[in-house]
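Residue numbers (mature numbering (1 follows the signal peptide of the UniProt record, and there is no 0)): -22 to -1, 1 to 1106.
These aren't lab readings, by the way, just hints derived from the structure by calculation.
Ideal placement from N, C-alpha and C gives every residue a C-beta, glycine not left out.
It is possible that some hints are incorrect.
Keeping only pairs whose Cα atoms sit at most 25 Å apart, straight-line, the calculated DSS-like set for lysine-lysine is [as the list claims (entries may be wrong)]:
{"#": "1", "residue 1": "K601", "residue 2": "K840"}
{"#": "2", "residue 1": "K499", "residue 2": "K488"}
{"#": "3", "residue 1": "K487", "residue 2": "K411"}
{"#": "4", "residue 1": "K183", "residue 2": "K169"}
{"#": "5", "residue 1": "K183", "residue 2": "K125"}
{"#": "6", "residue 1": "K86", "residue 2": "K260"}
{"#": "7", "residue 1": "K286", "residue 2": "K372"}
{"#": "8", "residue 1": "K169", "residue 2": "K86"}
{"#": "9", "residue 1": "K411", "residue 2": "K286"}
{"#": "10", "residue 1": "K408", "residue 2": "K286"}
{"#": "11", "residue 1": "K742", "residue 2": "K670"}
{"#": "12", "residue 1": "K372", "residue 2": "K408"}
{"#": "13", "residue 1": "K266", "residue 2": "K321"}
{"#": "14", "residue 1": "K670", "residue 2": "K774"}
{"#": "15", "residue 1": "K742", "residue 2": "K774"}
{"#": "16", "residue 1": "K383", "residue 2": "K321"}
What follows is a set of in silico ranges between Cβ atoms, one per label pair, in the way DEER data are often shown [claimed, not checked]:
{"#": "17", "residue 1": "A303", "residue 2": "S84", "range": "43 to 53 Å"}
{"#": "18", "residue 1": "R824", "residue 2": "P961", "range": "18 to 28 Å"}
{"#": "19", "residue 1": "P961", "residue 2": "Q469", "range": "52 to 62 Å"}
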Amino acid sequence: MRILCALGLAIFWGFTSQSVSAQPPTDGNKTPSTATQPQSRSTSTAPNESSRRVIYWIDETGKRIPVLRAEPGETLEQALDRLKTDETATKPPAPQTATITRIDLSGKVIGERAALTAEYTVQVLAEDAFVPIPLRIPEATITGDAKHTGPGESIPGGLNGNDGYTWWLRGKGEHQLTLDLSLPVEARSPKLRLKLTLPPTAVSKFSLQVPQPQVSATAQNKDSRSQPVISEIDGSQIVVLGLGTAFELTWQPTSAAEPGNSVLEVDNTISVDVDNEAVFVKAQQDLKAIVGTATFDVVRVDLPANAKLQSLHGPNVVGHAADPAAPQTIIIQLAKPTLGPVKLNWLVELDHPQSTSSLLVEGFNVHEAVRQSGLIGMRSDADHRLDIDADASKFVRRIDVATVKNYFDFEAAPDSAFRFSKQPFRLDTKIRKVEPQLTVTPQILLSCSGSSIDLEGTFQFRVTGGEIETVDINWPDWQRNGWTLQPFEPQGQVAERSEEGNRITFRLKKRTGTAFTVQLKAQRAIPDEKEPLDFDLPAAEASRHQTAVVIVAMNDNVQMQFEPEGGETVARLLLEPLPVALRLPETVRDRRHIIYEVESISRRFTGRLSTHKKIVQTSTIVKLIPTAPQMTVRQTISYTVAWGRQATVSLLVPNSLKGRVRFTSDTDDELLPTPSQAPSKSDYHQINLPLKAPGTRRFHVIAEYNIDDVAVAKPSDQATVMLPFIKSLDGAFAETTFETEQSPNVQVQFEQEGWRLQTDAAGKSTWRTNRDVISIPVSTRRIGGPLDQPGVVITKALARTEIDATGTAETQLVYELQQTPDRIEITLPTGQTLVEVLWNGQKLQRESVDSNSEALDRYGYKIQPTTDRDERRLLIRYRALTSQPLAFTGSYRLSIPRITGEVWAGQSVWDVQLPREQILFIDPVGFTSQNQWTRSALGGLLWQRTPQQTPAELRQWLNFSEPSDAPSPSGGGHRYQFARLAPLRQLSVQTISWPMLIGIGSGLSLILGLMFQYVPASRNVLALLVIGCALAVVGIWYMTPVILLLQASVLGMVLAFVSAMIQASIRRRRSTVVTMSSGSGIGSITGSSFEQDVIGTSGSQTLIRPPSASGSSPGQSIPSSTISGASE
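Just need the whole structure built from these sequences, with the hints factored in.
Right, dumping it as C-alpha cells:
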C-alpha cells in the first residue's frame, strides 16, 4: 500500500502543465462525434488552481493522501490520460513526421470578402499514426466540406486562436487537402488589402480575380517584397509567387483613359565610364504613368548630344528606331499599353577624350514626362582626371559617393556622384590626361664562379599618377658581350617578355598603378680569365631612378675586381643593412661579397676575374702546465685558409695519446673525431675533425691532454719526459712554439738545438722553431713543497653583473681562495676588457701578458703571501667592449674569466641587475633561482621577484667589504639572484620589456575574452579546462613566464569586460519595450497595494499569488482566475 502511495506522489510531483492543440482519435475505423473529436485547449482559458478538484488516495489507516488535481468535470481515467499526454509533451521533440510541400490559393473578390480555394499538398512520413498538420489561415473561415485525396484518412482538428486551423492525417505518402475559404477584404480608400498567415512551405502561389479592369498591386511577405503579375481578364487577375508565412496583398483601381493622354514620371541612374579607348554611358530608366492618367505604349527619348546608340533593351520593349526628323530622338514601341513601371536599359558611346578636352553629360530626356530626376556616377581610369565645371552645369548638385556607390554599373566605386532634379540637365566636365610617373629601384647581383658570371637584376617599380602596361629595360650590347638570357617564367604581375635589339620589354598581366617587381636573369661564360671584362649593366627606363645597388658575390676561390670605366668613383657599402626595400639574397649571405652603391648604372664597368687554389697555412703553440703530479699539455693549432673553406681538419695523433685528447674549437665547442680510412703508421694514427661551421680565413683547434709520468721522489730530483706533438695533415706547421707556465713546486727545463729562446720582461721563456717536430724531451725538477699541492682552490664565488640602459654589462667577480697563490693568470672572455684586479682590497699591477696566445686575452699578477684566511679575497672587475641595445626582447650571454689551474670547491652566486624597463623573462639554465615572489605595486595587486639575500648579506656571507673607491651600483633596476654548486662559466639571460610583456599578456587575454563573447560554442566548462590544463603544462617547464603573462593579462581582461558591458548596453537599448496604456484600466495596479500569497506550480519557476478579495479596480488585487490563466 505504501508503495502505491509513493507511486502516486511521484506521479503528482512529475506532473507538468502543457497546452496541446488537439488529440488524435483512438479508433481510426470510426468517425468520432463532436464530443469525442480532438479539441484544442488554449492556455488562456485554462481553469485556475483553486477550481481544480483534488483526488486523494486512502491508505490502510484511512488517511487521505493527495495524488493529483483534476480539471472540472474530469474523471480519474481522463486525468491519468492527461498526465500521460503532458509527460509526452515534456520529452524532446520527435523527428518530423510530415511536411507541407506546396500551397495553391485561388479565388475572386465578391463584395467585401474574397472566396478562395486552398489546396495543400502534404507529405506524411509516419507509417500508421495520425499526424497534426498546421494549416494556419486564422484570418479565414472554412466554408463547405473539405476534400481529401491520398492514402489513409483525414480528420479536422479545430481552430486554435492565432495558431489557426489544424488537420489530422494518417497514411504514409502524399496527401491533397482542398478547403473552401472566405476571407475579409480590408478597404482603406483608395486601396484594398488582404492578409493571410500560412505555414512554411517550399512552393506557394496566389491567384486573385478582382472586378476592377485597371489596377496596380503590391505584394509583400515577412521576408521580402514580391512584384505581382496583373492580367486584364474579366476585370483584373493578380498572380503572386512565393508567399512566405505572413502574406499581404494591396491593390487599388486606376482610372482608364485613352492612349496619348498619359503623364509620365521617370527615375534615372546614369553611369559614365571614361578610359583610354572610349566614353561609355549606361543608363537605366524606370518609367510609369502618374495615377489618374492614361496608359502608354510609345515612348520618345532624346539621346545626349553626339551620342551613338549601342544597345537598348527592356522587358516590355518590342522595337525602337530613330526619328527621321530628329536623329537623336529614339521612338520606343512597347508590347502593349501600360501604366508602368517600364524599364529601359541604355548603352551609348560619346566622343573619345582624345578628340576633345571636355565632356558634356546630359539626357536622357523623356517626352511627356513631368518629373525626371536621378543619379549620375562618373568614373575614369588612372590615365585621366575629371574636373567638373560647376558654373557651366545646370540642375546638378554633387553628393557623397559612399551613400550611392552601389547604384551604379561600375566594377568599383565611382570617382564622383551627382543628383539631377529636372530635365534637361547639364553636367560639364573637363578631361585632363595624366602621365604616369615611374620610379625604379634597381639591384644587380653578379655571382662570379671560375667559368661564368650569373646576373640577376631585380627592378622594383612604383607607379604614381596613372597606370602602365609595359616597362622597358635598356641593356647596351648585351648579346655582343656574350650574355644569354635565362628562360622567362611568369611571376607576380609580369605576364611575358620580349627582346628587340638592346631593349627588353616586360608586359604586365593588366594595367596597374601600384608597385610591382621585374626580374631579369642572364649568364655570361668566361673563356679566358686573363682578359678584362666589359660590363654594360641593364638599366630600366623610368621617370626617376633611385640609387642602384650592385652586389658582387664570389666563390671562395674567385677574385673579382669591379670598377667603373674611366676611373669614376663608386660608393662602396662596407656595412649592412642595405637601403630600404632591398634585401641581401640568401644565396649571398654565406659567400664572400662586396656591395657597391652606384648613382647610375647606365655606364660601362670593367671587371677583372681570377681564380686561385685553396691555401692552408698552419702553426701551433704547445703550452705545458706543470701541476704535479700531472702535467697538462694544451696544443693550439692555428689555421689560415685562403681561397676556400675548410670543413674538416685532419690530424696525426701519437698512439700514446689515443683516446686521451679532448678537441675543442676557439668557441669552446667540443669537436668529436671520426676515424680515417687512411692506413695508420707505427707511431701515429690519423683522425678527422668535422667543424660545426666550415672554417674561413682564420680559426683554431685546441687539443688538451695530460702527461702522468712526472712524479719526482725528492727535492732537487730530476726526471725527463718525452712530450709528443699532434701534427696537421692539411699543411705543415710553419712555426712551432713551446712555452711553460711557472709553478712554485716544479721547474721545467728544456734545451735542444734548432729552437730559439725568447724571454720577456717577466722572465717567461718561449721557444720557437720552424722545423717539423714530432716530440721534445722536457726535464722536470722538484724545487720544494708537497707534490699534491692543488692549484688555485676557490671556496666561494660571487659575481655581480649590472646591465645599464645602453645595454652595456659590467661584472664584479669576488673569489674566496683556500690558499694564497704566488701568482695568478687570468684569461678574459672574448669581447671583454679588464677594469681592475684587487687582492684583499689592494690593486694589483699587471706583471706579464701572454702575447703569444692568439684570440685570447691573458693577464698575469704576482700575489703577496698571507696566512690570514679572512684576507684571501680576489676581486676582478671587467666590462663588455660593445653594448647590446635594449629592445622589446633581449638575450645576454655573460661569461666569467678563467684562472689558470683553478679548482672549484664551494658555492657560487650570481647577482644580475637589469634596467628598470627590462625584466627577466626566463630563468637561466643550470642555476637555482634564489628569488622569491613578493607583493609590490598597486597595493600589493602585482607580484615581483626579489632576491632572498640583499647585497649587504652577500658581502657578509663572503666576509667581504667594498673598496672605498669602488663605484656605487645604480639603483632603480630589477635584481635577480642565482646560485649553483659548480664553477661559474656562463649565464644566459632572456629579458623582455614591460610594454612587450603587457602587450602579449593583455592581447592574449583580450582575444580569449572576445572569443568567449562572440563565439557561443566556446562558453563551456571544457574550454576553461583546456586553457587551465595548457597553462599548467607550460608552467611545469616555464613557470616564471606563465606567472608574468598572467599578471599582464589583467589589462586584457578589463578591456574584454568593458567590451562585454558596452555590448550588453547596446543590446538593452535595442530591446527596450514601449508600454502602451490600456483603456480598460487592467494592469494599473500599484506595487504597494498588490499583496499575494505565494503558490508554486509543479515543473515551473513561476510563483502564483491567489487574490485576497475579488475585483480588479486600481489599487486592488487581480482576480485569481486572471492570474492563473495568465501564468499558464
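query = For this structure, which hints from the list above don't hold up?
reply = 6, 11, 14 and 15
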